[in-house]
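Order-wise, the sequence lines are chains C and E.
Numbering that gives the first Met the number 0 numbers the first residue of the first sequence as 0 and each following residue consecutively.
Numbering that gives the first Met the number 0 numbers the first residue of the second sequence as 0 and each following residue consecutively.
Since the hints were derived computationally from the structure, they do not count as laboratory data.
Take these hints with a grain of salt, some might be off.
[To be verified] DSSO-like mimics (lysine-lysine), calculated; alpha carbons at most 27 Å apart, straight line: (1) E/340 <-> C/413; (2) E/340 <-> E/221; (3) C/142 <-> C/164; (4) C/413 <-> E/221; (5) C/331 <-> C/410; (6) C/410 <-> C/160; (7) C/412 <-> E/221; (8) C/368 <-> C/331; (9) C/241 <-> E/340; (10) C/368 <-> C/164; (11) C/368 <-> C/142; (12) C/412 <-> C/331.
[Said to hold, decoys possible] Interface residues of chain C toward chain E, partial, derived using beta-carbon atoms under 10 Å: (13) 159; (14) 238; (15) 248.
Built from N, CA and C at the ideal position, the CB exists for glycine as well.
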Amino acid sequence: MPDDTLLTSLLTAIDAAPDDVPLRLHVAGLLAERGRPAEALQHCSQALARDPGNAEALALLQRLTTAMAPPPQALHRPEPQRPGPQRPEPQRLQGFDWTQAEDDVAGIEEPVPAEDELPSPVVEDIEQPGVRLADVGGMQQVKERLELSFLGPMRNPQLAKAFGKSLSGGLLLYGPPGCGKTFIARAVAGELGASFFAVGISDVLDMYTGQSERNLARIFAEARRRAPCVLFFDELDALGQKRSHLAHSSSMRNTVNQLLSEMDSVTADNDGVFVLGATNHPWDIDSALRRPGRFDRMVLVLPPDAPARGAILGYHLRERPVAEVNLDRIVKLTEHFSGADLAHVCTTAAERALALSMRDGRLHALTTKDLEAAVREIRPSTGPWFATARNVVAFANTDGEYDDLSAYLRKNKKL
Amino acid sequence: MTAAGNAAVLQRAVNLRLLGRLDDAERVLREALAESPGDPDLLGELGWVLYLAERPAEGLAAAEAAIAAAPGEAHFHQYRASLLSDLQRHDEAVQAAYTAASLRPEEPKIARTCARVLSRARRLPEAYQAARHAVALDPESSASHLLVADIADDLRDRATARRAYEEALRLDPQNAMARHDLAVLDVNTGHPMRGLRGLVEAGGIDPTMPIVLRTITVVLWKLSWRLRMLFIPATIACVVASGAEPGDATWSARVTAAASLLAIGLLIWWTVRDLPTATRPAVLAALRSDGPLRISYLGMAACVLLFLTVAGTGIGVFAGFVWLVLGMLGLLALVVGATRKVRGR
């Protein structure tokens, strides 16, 4: 057939020029059209290995994985109940009224293990987030990293297994404060259709010896019971601090050990429990927590890019009287501002307009000038974080774990 | 609030402080103090949290309130001494440290505070004795040996300082400050490359210590001066070799320039050959963080280019330009040094 001849020639051409990404993608497309998605996926993966940011390849990968994955209902379909092995009927005492005896004890409540009576510290915080990644303004790179390293494999477990990608382990979001790590974690839970448990240090730490470890164990037990769920540890550097820094606090060291043990899939069945962590200081986290099966994937969440800044500013201005605001100009002026800084800019500008309105006795809507004045007043709070990050890249990036950060610092002339 | 409740709050605040959550610790303590304003333990802990948060004036008020409520508690005097020292009220700080030491003479932490306060008051011989006492009380404490080393270094007793730094590192190989200070000692005793190596190691142990990159910058300034010194005899040799007419091409100028470059290159290679690979990113980061230093090294790269030109063309006059570049670099170093000294005051 002429089509097959074409495909054969193209495959030969790929053998001759394995680094030709457009050619590879063309062939992958043809293979997909001919109903050979597995081969198409191989070519697509190789194209991505050579050019990781290639938009065409990413789109094709998404198309292929969607086509290859089983329908979502099938993934969580409960196993059909199998009838258990037939047991012989117990021998009944002749002349004893079993029905009467069962009726007599019917009112007695079943005993419950003592531990179950204790409320889990985070039960009240469990929620079903309605946000999705599409609700996160801009930050395209973060979304792509999340999709490739975490969400994609989670959504397509069979495909991930075929490529030898482990589904165990957690994801660590790191970056300067106030840049939306928690919001992104919620969005990840929303994408997975999972419950969301946000765990802070106050949910775990307890003054009594051994209680912090028990709190942690109970949180994981609750998460396993409510699977699928996302267990989100905010400020992970506090709970998982380097044990060498905790020489004077054995209880804190034990808490780290407990966290390690709970995350270990060898000692616990964490199926359906997606562990996410967020930290401003990944360099303070115990290295054992970063090993495979634990927080082995890291995603850098940077200050919002221009589209994200536009969206954040728009959000914070939406219920305020606004007139003649050149949002593009404010977006340009707020490079390196965190989401929290942008909210602060809007509040400061609103206070300025309010003061003017009170002085004049008539409403002065917010203008570009008010926002510009607010931007001049506020320094981006991310500065000290980047100063530390620069040191970390200079001294502690020997194994390339902070390459993303290094690239960002270079691009922005901060390194 | 009950005594048990206050104890629970105190423990929680201590945990938060150990985790570096100073804001949270302060909030927890202030909330408890709103109900029990006279609790000395809560007040003392608040003083210490505020000391760590570098708010000594507020911390001092809390520590003094704690002392008023429990004057016999040595730790509150210790906190007060540290806070007063931060506020540069050295005489009072020393007095408070001695009071703490007299109340708990066998407590190594108090002995260390005493030594630190005396050292900051520039009463170095007394500080050294106090640090020695701290070591005697707790010979396995890396922090105590580090203190002895720092004070000995201030007293110019570098042999003792080196021994104490090495002991501190033996006891705790992850003591980044001891590694940094030993590297500084190396630099100050004429071993800049050994010092640079030590600084890179210190940065690797604790990459969040901002002082390491700043010290590397200082070392690079020292090295730039040494490099400039190397170019001076090389330039003289080139100019002499080019003869009476330095504008004319001569083989002697060519050979001298090439030999000078080779000698400088070999010397540099010999000096840096043992540096770990992690030195490169650290040095690049230091260069990027200091504009004049970057100009200085670019100037020396220009000197190398001028020597290459002489080696290629044989025209000795290009070596004369090296003088010009070196002169400008010297002037730059003087201006930068003077400006930074004035700013530092």
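Exercise for review: List in ascending order the numbers of the hints, as given earlier, that are violated by the structure.
Suggested key: 6, 9, 10, 11 and 13
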